[in-house]
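S.K.: Chain residues, written in single-letter form:
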Amino acid sequence: MDMPTAWPLWRMLALALALLLGLAFAQPVLAQADPDREAATAVGGVSPDTWRLVRSGEVGPNFRDSRADSTYNLINASGQSWRQLRNRWVSPFGLIAVGGIIVVISLFYVIVGRMDLSQPRTGRKLLRWSLFVRSIHWTVATLFIVLALSGLNLLYGKFVFRPLFGDAVWGAMISASKVAHNYLGPLFGILLVVLLARLLKHNWPKRHDLSWFRLGGGMIGKGHPDAGFANGGEKMWFWILATAGLAVVASGFVLDFPNYGQSRDTMQWANIIHAVGALGLTAVALGHAYIGSIGSEGSLEGMTTGYVDETWAKDHHNLWYEEVKDQVIPEEQLAAGRPATQGGDEAASRPG
Amino acid sequence: MAQMKFMCDAERCIECNGCVTACKNANDVEWGIQRRRVVTLDDGEPGEISISVACMHCDDAPCMAVCPTDCFYKTDDGIVLHDKDLCIGCGYCLYACPFGAPQFPKQNAFGERGKMDKCTFCAGGPAESKEEEYEKYGANRIADGKLPLCAEMCSTKALLAGDAQTVADIFRQRVVQRGHADGGWSGNPRADADNLAYDATRQG
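Going line by line, the protein sequences match chains A and B.
Residue numbering for the first sequence follows my numbering, starting at 17 and increasing by one per position.
Residue numbering for the second sequence follows my numbering, starting at 11 and increasing by one per position.
Be careful, since some hints might not be right.
What the hints assert, rightly or not - SDA-like cross-link-like pairs, simulated, lysine to any residue; straight-line CA separation at most 20 Å:
hint	chain 1	residue 1	chain 2	residue 2
1	B	Lys84	A	Gly182
2	B	Lys94	A	Leu170
3	B	Lys116	A	Gly182
4	B	Lys167	B	Met66
5	A	Lys174	B	Lys84
6	B	Lys116	A	Gln278
7	B	Lys84	A	Pro179
8	B	Lys125	A	Phe273
9	B	Lys94	A	Gly187
10	B	Lys125	A	Tyr199
11	A	Lys174	B	Asp93
12	B	Lys140	B	Asn150
13	B	Lys146	A	Gly187
14	B	Lys116	A	Ala192
15	B	Lys116	A	Tyr199
16	B	Lys34	A	Ser86
17	B	Lys94	A	Asp183
18	A	Lys174	B	Ala75
19	B	Lys146	A	Ala188
20	B	Lys116	A	Phe269
21	B	Lys116	A	Arg178
22	B	Lys94	A	Gly182
23	B	Lys125	A	Asp183
Claimed, not checked - Label pairs and their in silico Cβ distance ranges:
hint	chain 1	residue 1	chain 2	residue 2	range
24	A	Gly115	B	Pro56	53 to 61 Å
25	A	Val210	B	Cys26	29 to 37 Å
26	B	Ala178	A	Ala184	23 to 31 Å
27	B	Ala178	A	Ser107	42 to 50 Å
28	A	Ala188	B	Lys156	53 to 61 Å
29	B	Ala178	A	Gly303	52 to 60 Å
Because the hints were derived from the structure by calculation, they are not lab data.
We put the beta carbon where it would ideally sit given N, CA and C, even for glycine.
Pulled out of the complex, with its shape left as it was, chain A reads as follows (with noise of 0.2 Å):
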C-alpha cells in the first residue's frame, strides 16, 4: 500500500525539477522578448549638451581618448569645411587665376607687344641695383620658381603626371616636390624678409603714385606718369609681397614643422591661407617677369648687369632720373670694367 502514495510524490517532484529547468531555460528568452524590462535598466546616455560639444570641435572636461597624445575629439568637425573650401574653391579657382594670367599675358604680348623705349639708347649707363640686391633677387626668384612649380605639383599633379608616367615617376616626382617643398620654404622665407627689409626705403607710397594707377603705369594716354626710384607697380608688387608674401611664409612655417604640436585646425587654416596666398602670388609673379623681361625694352638688363640705359631711366622713373643724371657712365667705362662708384638701390637720396 506504500507503493501507490510514493508513486505521486515521486512524480510530482520530477514534475518540479522539469518545471524549474523550463523555466530556468526559459528566463532570457522571456527576459529579452520584454522590452519594458530592458528599458528599466537602460542607461538614458549622453546629454545633447556633450553632442554639441562633439560636434562643435572643443573637448569637455569628461572626454576621453584611449589614445595617449591624442587631442582629438569624436569627430573631425572642421575636416569636412577643409576638404570642401580646398577641393572645391581653392583647387579650381587657383586654376582659373594662374592659366587666366598666363592666357591674358600672352594676348597681351601678341596684340600690344613690346613696350620700346621712347628714344633710342644714350649709350649712359646709370647703376640700378647692387650686387647684392641682385644676388639675392635671383635666389629668391629661383626659389620661388622652385616652390611654385613643387607646389602646384602637390596640388594638381595627381590629375595630370599620375596617370601620364606611372606610379613609379609619379612616385619619385611627388616625393621630390614635397622635400624640395619643405626643405627651401624656410629658405626663401628668410631670404624674402631680407629682400623686403632692403627695398622698403625705396617703396614707401607717394602722392605721385596715385596718378600712376590712374594713368595705368603710361598704358593710358600718352607718355609716362612720374615716378622714383620704384614706380606705382613696382611698389604694388612690394607691399603684395610684404603681406600676402609674408603671410605664405608664416603659414609655411605653420605646416613645415609640426614638431611643436600645433593642432590638426591650425594647421587646416594654415594651409588655407598658403594656398590662396601662393596661387595668387603665382598669378601676381608671373606679370612681374613678363613687365621685366620680354614686356618692356631694357628693364631686365637691370637686374643682370645692375645698369640701365639713360633713356630708360627717364622714361620709367623720371624723378629717380632728375636725381641721379649726375652720375651717368659711358658704356665703355663699364666695358673697359670701371664700374660706377657712386648711385644705385643703396644710394637714393630721397626715398621713392
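Given chain A's structure and the hints, the job is docking chain B onto it.
M.R.: Okay, now just chain B, sitting in the frame of chain A:
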C-alpha cells in the same frame, strides 16, 4: 560584392580597450601608433558612453579626395587602403579625416612625418610579397576569409565588422529588442538624470 563597415554599439562598449590591443597585436603596429582608439563621453558621469573609433572606410572618403599623391584606393569590398610607397607624409589625410584615423610615425621639423599608417580593416595593402605586406600594413585577414581582429575579439560584441547589410541587420535586431526608439544610440533629449530609464516608445 560586400561593403565592409565597422559599427560600434555604444550601449555595449565597456571601454576595455581590447580592440586596441587586438589590433596592435594582429597588425604588429609600430610603436607610438594606435590604429584604434576608444573615446569616452561624459566619463564618470551617469550615462557615460564609450565608442571605439578607427578608419571607418567611408564611401566618399575625404582622405582619398585630398591626397596629393592619390595613394588611396578602395577595394571591391569597400575597404579604403593606401600605398605606402606613394605616401609622402604630407598630413592632408589627417586634416580631412572625420575620425582622426591617419597617424604618422614621426612628427619632425620640415614636415618629416614618415609614411601614414591607419586601420586597413585587416586587409593589408599593396606589396610584392606576403612578408612585405605584413611588414608595411600588418595582417591580411580578409584574404584568409577572416574579419578584423578588433571586432572578432570584442568581449561584449559592441564592435561589429563585416558587410554593411549584415552589421545593420544585427544592430537593428538589437534596437528592436532593447525596446526604445533610439536604442541604437544614447542621447535621448527627453531623458534626464532623474529618469535615466526613460522609455521612448511610450511617447510621453
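S.K.: Does each hint hold? Answer for all of them.
M.R.: Status of each hint after checking the structure:
A C-alpha spacing of about 18 Å is found between Lys84(B) and Gly182(A), which places the hinted pair at or below 20 Å, so the restraint holds. Restraint check: the Cα-Cα separation between Lys94(B) and Leu170(A) comes to about 17 Å, which is no more than 20 Å; the hinted pair holds. With a CA separation close to 28 Å, the supplied pair Lys116(B) and Gly182(A) exceeds the 20 Å bound. For the proposed pair Lys167(B) and Met66(B), the alpha carbon gap of about 17 Å is at most 20 Å, so the pair holds.
A C-alpha spacing of about 17 Å is found between Lys174(A) and Lys84(B), which places the hinted pair at or below 20 Å, so the restraint holds. Between Lys116(B) and Gln278(A) the CA atoms are separated by roughly 14 Å; this keeps the pair inside 20 Å, and the hint holds. For the suggested pair Lys84(B) and Pro179(A), the alpha carbons sit about 17 Å apart, so the restraint of at most 20 Å is met. Of the pairs offered as hints, the one joining Lys125(B) and Phe273(A) holds, with about 16 Å between alpha carbons and a cut-off of 20 Å not exceeded.
Using a Cα cut-off of 20 Å, the hinted pair Lys94(B) and Gly187(A) holds, with the two alpha carbons roughly 10 Å apart. Restraint check for Lys125(B) and Tyr199(A): satisfied, since their Cα atoms lie roughly 18 Å apart, inside the 20 Å limit. A threshold of 20 Å between alpha carbons decides the hint, and for Lys174(A) with Asp93(B) the separation of about 14 Å falls inside it, so the pair holds. Note on Lys140(B) and Asn150(B): the hinted pairing holds, with a Cα-Cα distance of about 9 Å set against a maximum of 20 Å.
In summary, the hint linking Lys146(B) to Gly187(A) is supported, as the alpha carbons are separated by about 17 Å, within the 20 Å threshold. Note on Lys116(B) and Ala192(A): the hinted pairing holds, with a Cα-Cα distance of about 19 Å set against a maximum of 20 Å. With a C-alpha separation of about 17 Å, the suggested pair Lys116(B) and Tyr199(A) falls inside the 20 Å cut-off, and the hint holds. Taken as a hint, the Lys34(B) and Ser86(A) pair is honoured in the structure, with Cα atoms around 17 Å apart against an allowance of 20 Å.
Simply put, Lys94(B) and Asp183(A) have alpha-carbon atoms about 12 Å apart, close enough for the 20 Å limit, and the pair holds. Of the supplied pair hints, the one linking Lys174(A) and Ala75(B) holds, its CA atoms being roughly 11 Å apart against a limit of 20 Å. For the proposed pair Lys146(B) and Ala188(A), the alpha carbon gap of about 19 Å is at most 20 Å, so the pair holds. With a C-alpha separation of about 17 Å, the suggested pairing of Lys116(B) with Phe269(A) holds against the 20 Å cut-off.
Straight-line distance between C-alpha atoms of Lys116(B) and Arg178(A) comes to about 27 Å, which puts the hinted pair past the 20 Å bound. With a C-alpha separation of about 16 Å, the suggested pairing of Lys94(B) with Gly182(A) holds against the 20 Å cut-off. The straight-line distance between the Cα atoms of Lys125(B) and Asp183(A) is roughly 16 Å, inside the 20 Å bound, and the hint therefore holds. A hinted range of 53 to 61 Å for the beta carbons of Gly115(A) and Pro56(B) is consistent with their spacing of about 59 Å.
Between Val210(A) and Cys26(B) the C-beta distance comes to about 58 Å, which lies outside the given range of 29 to 37 Å. In this structure the hint that Ala178(B) and Ala184(A) lie 23 to 31 Å apart at CB is violated, the actual value being about 41 Å. Taking 42 to 50 Å as the suggested C-beta distance range, the pair Ala178(B) and Ser107(A) does not conform, at roughly 35 Å. Between Ala188(A) and Lys156(B) the beta carbon distance is about 36 Å. The supplied range of 53 to 61 Å is therefore violated.
Judged by the Cβ atoms, the range 52 to 60 Å given for Ala178(B) and Gly303(A) holds: they are separated by roughly 57 Å.
Violated hints, listed in ascending order, are 3, 21, 25, 26, 27, 28; each of the other numbered hints is respected by the structure.
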